[in-house]
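Engineer: In case you want the letters, here they are:
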Amino acid sequence: EAGVTQSPTHLIKTRGQQATLRCSPISGHTSVYWYQQALGLGLQFLLWYDEGEERNRGNFPPRFSGRQFPNYSSELNVNALELEDSALYLCASSFGTGGYEQYFGPGTRLTVT
Amino acid sequence: KNQVEQSPQSLIILEGKNCTLQCNYTVSPFSNLRWYKQDTGRGPVSLTIMTFSENTKSNGRYTATLDADTKQSSLHITASQLSDSASYICVVRISGAGSYQLTFGKGTKLSVIP
Chain D
1 EAGVTQSPTH LIKTRGQQAT LRCSPISGHT SVYWYQQALG LGLQFLLWYD EGEERNRGNF
61 PPRFSGRQFP NYSSELNVNA LELEDSALYL CASSFGTGGY EQYFGPGTRL TVT
Chain F
1001 KNQVEQSPQS LIILEGKNCT LQCNYTVSPF SNLRWYKQDT GRGPVSLTIM TFSENTKSNG
1061 RYTATLDADT KQSSLHITAS QLSDSASYIC VVRISGAGSY QLTFGKGTKL SVIP
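The listed protein sequences derive, respectively, from chains D and F.
The numbering of the first sequence is the numbering used here, which starts it at 1 and goes up by one.
The numbering of the second sequence is the numbering used here, which starts it at 1001 and goes up by one.
Incorrect hints may have been included.
Said to hold, decoys possible - Computed cross-link-like contacts, DSBU-like style, restricted to lysine-lysine with a CA-CA straight-line distance of at most 35 angstroms:
1) Lys1106/F <-> Lys1071/F
2) Lys1057/F <-> Lys1017/F
3) Lys1017/F <-> Lys1071/F
4) Lys1071/F <-> Lys1109/F
5) Lys13/D <-> Lys1017/F
6) Lys1109/F <-> Lys13/D
Said to hold, decoys possible - Residues from chain D that keep clear of chain F, each with C-beta distances beyond 10 angstroms, as calculated:
7) Ser7
8) Leu11
9) Gly40
10) Ala80
11) Glu82
12) Glu101
13) Arg109
Don't read these hints as lab results, they were simulated from the structure.
We put the beta carbon where it would ideally sit given N, CA and C, even for glycine.
Kindly generate the complete structure, drawing on both the sequences and the hints.
Structural biologist: Here you go:
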């Protein structure tokens, strides 16, 4: 069974640009979560999507947004990139909203210069 | 405030030695606690999960303990191997909440040297 996949592996952007990160969940999983892991910090919850809808978002500005497609894959968009957005962005998926285990993807390393 | 504190921040041990990582939490109400292993630049992988009623759980050379009264957990690694070099993250789930309600520790970075 394929795990959670993310693309691209690495992304280099300039301050002010936009970045788009993609995630494909494990087959059968309907929930997708996005986390930011900045250097030296723990994982910070960004967004949670389930059945195509945004269920909750963490304490991040509106320039962090995303969506979930009918096939449950998801996209994270970061607008007006700032240097402090440089981090590993992790996507996780789970069966749904019932407290199921979250399985993580390998992450996308975003570097903003 | 729900928090998960891990210690030490980093640890260097010789191959073959044992080590113990600590996790203290103030998350309430408590549902379960997981230990994850995260290799550099990769996503975390679950090692163990413990609920309120469990106080010990093993996964190969990894043994996790939980004291729900003192809100402390530990991860003991036996006969360490070079491949154990990674960050180990303690994650606590809040009871009754949706799947997103996880509180993450900052992790302990373990380096196993030959």
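Engineer: Looking back at the hints listed earlier, which ones does the structure fail to meet?
Structural biologist: Hint check: 5, 9, 12, 13 fail, others pass.
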